[in-house]
Amino acid sequence: MPVRRVALVPAFNEEANVGRVIDEIRAVDPMVDIVVVDDGSVDRTADVAREHGATVVRLPFNLGIGGAVQTGFRYAFEQGYDLAVRLDGDGQHDPSQLDRILRPVLADEADIAVGSRFAAAGDGYRSSRSRRVGIRLLAWVVSRIVGRRVTDTTSGFQALNRRAIELFARDYPHDYPEVEATIMVSRHRLRSVEVPVTMRERGGGRSSITALRSVYYMVKVLLAIFVGLFRRNVVPEEGTS
Amino acid sequence: MTPIAVSVIGTIASLALVVVVLELIRSRRLRERYALLWLLTGIVLAVLCAWRDGLNTMAGWVGIRSYPPAVLFAVGILFILAVLLHYSTVISRLSDQNTLLAQRLALLETELSTTSSTR
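One line per chain: the protein sequences are S and B, in this order.
Using this note's numbering, the first residue of the first sequence is number 0, and each one after it goes up by one.
Using this note's numbering, the first residue of the second sequence is number 238, and each one after it goes up by one.
Chain S on its own, in the form it takes in the complex (with noise of 0.2 Å):
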């Protein structure tokens, strides 16, 4: 029996990419459902992505990008989808790799699978030297939170099934969802792996990170991290407050 399942884009003034990703999405896989999440852009996102054939889900104001995914998972858990992957608007995520990010949700041996760029050896991931400090820095504190061995905890390309989406509809962090989010996956006892994949470059040079501000994020990361951990793990449902 074929599982209902949705493949959901977050984006952020993308008009330039949205279209090739919903396209190759669409390539891979005929029968997925595209959600485009449009965080509030002031470009033709949301156009180009319906000319494209994808529902958009159009929010009315810039929400970052832990609202916008955590958007896409509350419309995956309302439409009542058994599976969701997320790729990136930018188009940084092959559409090609995500039969191996499926793969181990489908089989029912994770709840989550994240698709990392440092899992495999020697892969030639390239980036400046502080950055790769503080990737490897924060993929050690991680790892030893979760006590499992995370390489990648800034990953943004996920196949989810219906637990993890549940968790994530009602529950998601705001300010670097994918760090905190690994953690609150464990917390919940969810089963979660990571597959290697390779990443593209993004489309502009946005991801100007200097060093100076590379150690502004971590400090920023860490302790949202830490202050994470003494969170309560309870999420009051919706209208409760």
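To be clear, the hints were calculated from the coordinates, so they are not data collected in a lab.
Check each hint, because a few of them may be wrong.
Said to hold, decoys possible - Covered, in the sense of this in silico footprint (three residues per stretch, anywhere, with C-beta under 8 Å from a C-beta of chain B), are these stretches of chain S: (1) 56 to 64; (2) 67 to 78.
Unchecked claim - Simulated DEER-style distance windows between Cβ atoms: (3) B/Ile314 / S/Glu50: 54 to 62 Å; (4) B/Leu259 / S/Val218: 41 to 49 Å; (5) S/Arg188 / B/Val257: 53 to 61 Å; (6) B/Tyr324 / S/Arg169: 22 to 30 Å; (7) B/Glu269 / S/Asp107: 47 to 55 Å; (8) S/Leu136 / B/Ser350: 42 to 50 Å.
Predicted model, so just to flag it, every value in this text is computed and none were measured.
Glycine included, each C-beta is placed from N, C-alpha and C at the ideal position.
Following the hints, put chain B in place on chain S, whose structure we already have.
Only chain B this time, still in chain S's reference frame:
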């Protein structure tokens, strides 16, 4: 001892604050939950101004002899910090609710457009 003129002016100003707060509640521009805080502030200030030896007496309780107004500053700064912290929690809650509303709105709009197009 506070000079009598300062005491009178201070008391009038504090009572004016209380009146302003009451007016804001009456015209529904201030919710009761915040109003209580500001009413208390006005009353405390009024008492401190009217009770001319109050500051010296209270400074004496905590052992400050050289400069009694230090008590006032310390309490005032702590009070302002508490109010700011409270506002941070209010802002956090509001922004969470705002996010939720934006998401709900977007999902409902999508649902509406798909149901109307299939009809």
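Cross-check of the supplied hints:
| no. | hint | in the structure |
| --- | --- | --- |
| 1 | 56 to 64 | holds (count 6) |
| 2 | 67 to 78 | holds (count 5) |
| 3 | B/Ile314 / S/Glu50: 54 to 62 Å | 59 Å, holds |
| 4 | B/Leu259 / S/Val218: 41 to 49 Å | 46 Å, holds |
| 5 | S/Arg188 / B/Val257: 53 to 61 Å | 54 Å, holds |
| 6 | B/Tyr324 / S/Arg169: 22 to 30 Å | 27 Å, holds |
| 7 | B/Glu269 / S/Asp107: 47 to 55 Å | 54 Å, holds |
| 8 | S/Leu136 / B/Ser350: 42 to 50 Å | 45 Å, holds |
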